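Colleague: Sequence:
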Amino acid sequence: MPMRVLVYKDLDIRRVKTAFTKVRAAIEAGDLRSADVKKLAPTPYWRAKLDYANRLLLQFVRHGQETVCLALEVIENHAYDKSRFLRGASIDESKIEREPVVANPAAPDGKADSMLQLRWMHPSRAEFELLDKPIVFDDAQEAVRRLPAPVVVVGSAGSGKTAVTLAKLREAEGHVLYVTQSAYLAQSARALYDAHGYENAAQEVEFLSYREFVETLRVPAGREVTFTAFCNWFDRHRQTLRSQLGDLDAHALFEEFRGVLGASAQGPLDLPAYLALGPRQSLLAAAEREAAHKLFARYRQWLQESQLFDLNLVAHEWQRLAAPNYDFVVIDEVQDLTNVQLALVLACLKRPGQFLLCGDSNQIVHPNFFSWAAVRTLFWHGLAGEAAQRQALSVLQANFRNTRAVTDLANALLKIKQARFGSIDKESNFLVESASPQSGQVRLLPTHTATLRDLDAQTRASVQHAIIVLRDEDKPAAREHFRSPLVFSVHEAKGLEYPHVILYTLVSGQRAAYAEVCDGVAQADLQVEQLAYSRARDKGDKSLELYKFYVNALYVAMTRAVATLVLVESDTSHPLLALLGLQVAETSAARSATPVQTSTRDEWAQEARKLELQGKEEQARAIRETFLQTKPVPWTPWSEVAMREYLPRALDRTQPSNKPRQALLDYALWHGQQVWIGQLAKQAQFAPALRLAPGGDLDRAVAWRETALLRQRHLQPYAARNFKDLLRQCDQYGVDHRGPTGATPLMMAARAGHLALVEALLERAANPLLTDEFGHTPWLAALNRAMEDAPFAQQSIGMLFDRIAPPVLDVQTDARLVRLERHQAEYWILSLMLAGLKTQCTMCVKRPYSPYRCADGFFAEELGTTLVCLPEYLWKAQRHKRSYLNQVLARAEINSTYLPARRLWARTTNGHYLPNPQLQLRTHADGDAPTWRPVYEVLNLAWVNDGTSHSAPDFAGAGWSLRPPVAAAASPT
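Numbering (UniProt numbering), first residue to last: 1 to 973.
The set of hints was computed from the structure by calculation and includes no laboratory data. In this text the structure is predicted, and so the values were computed from the model without any measurement. Treat the hints with caution; some may be incorrect.
Claimed, not checked - As a list, the in silico DSS-like pairs of lysine-lysine whose alpha-carbon atoms are at most 27 Å apart:
#, residue 1, residue 2
1, Lys-22, Lys-39
2, Lys-724, Lys-631
3, Lys-682, Lys-659
4, Lys-17, Lys-39
5, Lys-610, Lys-133
6, Lys-133, Lys-9
To be verified - Now the in silico label distances, taken between C-beta atoms and shown as ranges:
#, residue 1, residue 2, range
7, Gln-301, Leu-116, 54 to 62 Å
8, Ala-450, Gln-307, 49 to 57 Å
9, Asp-731, Glu-28, 46 to 54 Å
Using N, Cα and C, we set each Cβ at its ideal position, and we do this for glycine too.
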């Protein structure tokens with residue numbers, strides 16, 4: 001059967017062009033036998049034979065009912081271990097050759113419907129882009145990708161803006177930056193960029209939230225002001241200002257402060273400049289602005305007194321720190337940034353105009369008065385160069401996310417918006433075209449008790465359904481009828497998507513506002529196929545600014561629904577609903593929704609983890625309380641607190657119970673804290689300790705054997721092929737419960753190197769960021785073992801890397817964020833230091849009879865011994881030279897003059913290094929916002945020193961001591 005072949009954009013066939021053409025023609029003709037196509041078990045990939053030495057890596061996907069072949073990579077000289085896609089997977093060429101020829105490739109499990117699905121395919125183009133999945137660009141997207149900088153892209157929800165910008169970003173050279181308001185979007189974009197081991201040697205790329213970008217210049221002191229904090233402050237002034245500001249609520253005033261008074265690229269507006277603004281540049285009339293300006297001064301004073309900061313004000317102050325660091329910048333969701341924030345990013349370009357901006361002004365829910373016209377004004381002020389001033393905006397109209405019914409409703413709202421308020425600007429004046437093959441469904445239902453009960457029954461146990469209300473204060477009313485934990489305000493829902501969405505009284509809850517939104521609009525005004533550009537007739541009319549939030553909020557809420565949308569309204573006859581063409585569904589239709597399968601516990605756990613990463617703590621907590629209830633573990637996990645409690649009883653020879661003594665001994669062996677072994681032998685005369693330390697002096701050979709046996713005993717369940725009992729424990733006590741050693745199951749599985757168990761725990765949403773009392777994440781636990789066990793480093797670290805290694809290491813030095821990327825040597829060296837410090841002053845596993853290992857710090861030879869064991873794709877062969885490692889250590893030490901100055905470690909003696917004591921790490925405590933903490937506080941150095949016979953040394957010539965650890969207040973991030 002003929003088959004379509006799509007070719008990866010970066011596929012290099014220069015050396016095998018003739019052979020590739022022949023193999024491609026055979027596959028297109030459906031002749032897989034001639035192409036010698038065979039499966040590379042256990043991977044999802046196949047290979048075709050190009051010639052005697054070279055192979056073509058393939059993958060088969062589905063598009064509708066059609067099977068499509070993707071040509072991914074040429075593997076030269078059978079070097080499967082160097083494949084970007086196989087990631088070091090062990091491929092036995094002899095076994096491949098013995099496999100039967102496959103005539104009809106199917107999914108890994110043999111079922112075509114479980115194959116990777118290609119969402120859209122161009123009718124003629126045979127080239128595809130690859131992020132986390134293959135993507136075929138439409139003509140508009142491909143045109144954007146080919147444009148020279150500067151590029152400004154306008155696209156609706158689901159238009160593939162991020163995919164196009166990442167493709168564009170991959171083609172840039174030099175130091176490049178991706179920045180956006182949302183930390184989660186920045187992390188997601190990084191994951192897409194890095195997918196399948198993508199690397200570009202011609203660039204150094206950073207992915208930052210706007211907050212993180214600011215921190216790279218200098219970390220602001222204190223906490224960022226939130227709307228909740230602002231509301232509490234505003235309530236104290238509400239009554240005294242009512243006569244001057246009327247009924248202006250906290251939302252509107254917050255927008256005025258953030259979007260007007262503090263948003264100018266030239267700095268906060270003084271009173272004359274504020275009064276001189278045009279009528280549509282502020283929510284307030286001229287008479288009200290003077291009072292608002294006085295209140296803004298109080299606001300700034302309150303920020304200072306409360307140790308809070310406003311990123312607008314910080315952006316203005318940090319302008320003096322901006323330096324030309326970047327060769328190319330991508331700013332995603334640009335509508336979420338104010339002018340001053342945008343100006344700060346553009347000020348860091350080496351050459352003006354080398355940027356790509358993308359966004360959608362119809363999705364503005366942040367208070368910033370964004371418009372593309374305002375962006376153009378920035379260009380005319382010279383911040384982006386002459387090329388940017390002339391650059392036309394590119395519009396992406398296709399929608400690859402929402403079904404046709406949802407898209408049609410969203411378009412109807414855009415028509416109402418344009419008819420009522422006129423065009424915001426020429427660039428935002430377009431309708432959306434659905435590219436979905438699914439028709440979808442939109443229904444309007446009344447708030448009848450029976451209807452709400454039926455909807456609740458359909459949605460409460462499914463991760464596929466979300467309920468959206470207008471504002472946070474509307475959520476309690478929704479929870480009276482819906483027991484699902486997935487209840488969001490519009491602001492929270494931005495950036496999310498669910499197959500099925502219920503909008504609960506969005507319109508009825510704000511009848512008057514939405515009546516104003518459609519005031520004077522008739523059905524005849526909506527009978528257009530495209531929006532015609534037209535400005536509002538009355539330039540003094542503030543209607544758009546006053547009601548922009550309501551119409552944009554409804555648009556954002558609608559477009560969260562991928563397949564079906566239900567609007568539940570008490571006022572089903574509201575004029576806006578009529579204009580949208582919605583009619584109340586009959587009672588039988590209300591119950592005719594597609595039957596909902598109850599989501600599994602693992603699916604709920606994954607949803608909770610995803611929401612946590614997006615900062616949706618309220619919904620994640622609700623999921624855990626509703627669906628992931630657990631009970632406390634029936635044992636006492638090892639911990640510093642427990643050991644300090646055991647210590648007096650364990651060392652008291654008169655105490656009859658050996659339980660605290662055995663616990664302390666096991667703890668000391670597990671963590672390499674040999675002092676407690678000597679004390680148990682000398683003071684308590686504990687027989688097992690006497691065997692290890694006769695007379696109080698440690699017999700290292702015996703101690704090492706006992707340590708190995710203890711670790712083997714505790715790790716055995718996590719290394720076993722059958723781990724069903726462990727997963728049952730996770731159901732009982734939670735996937736992140738602490739075991740007897742004080743480690744989570746993921747930490748133990750990582751240390752055991754059990755890839756299948758690691759993947760099973762991650763499927764159950766185990767948190768790879770959690771730490772033990774020595775600051776070890778699961779990844780650092782694995783690295784700690786790798787430093788002692790060369791075969792483990794060779795065989796297991798590579799497999800664990802893609803699953804649990806952090807994509808970046810964030811550290812703070814010189815009061816600024818320094819981000820270490822995975823491919824940088826500093827990332828690996830600092831990771832080894834963090835992983836190895838706990839056992840740095842303990843027995844050397846490789847030489848158990850030697851004195852304490854490298855007590856003065858980490859030596860290049862010791863670090864290199866571990867690094868050269870890593871797979872080639874993690875630590876290149878050219879890095880194996882001792883001189884390279886010495887160079888990296890020298891350039892990142894405290895007193896180095898190398899630029900950029902990272903100052904990651906300090907030299908203690910000649911050739912020995914320890915982490916810079918002034919370094920801070922970004923930590924993620926359970927349920928708390930990430931905070932900066934001193935490195936030796938995170939690593940619990942004081943407790944390490946208590947348990948080892950060698951305290952960490954003073955830094956030679958620097959006057960900094962590692963004992964006690966550096967004390968500093970943690971500044972929330």
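Colleague: Of all the hints numbered above, which does this structure not satisfy? Sort the numbers upward.
Modeller: Violated hints: none at all, because every hint is consistent with the structure.
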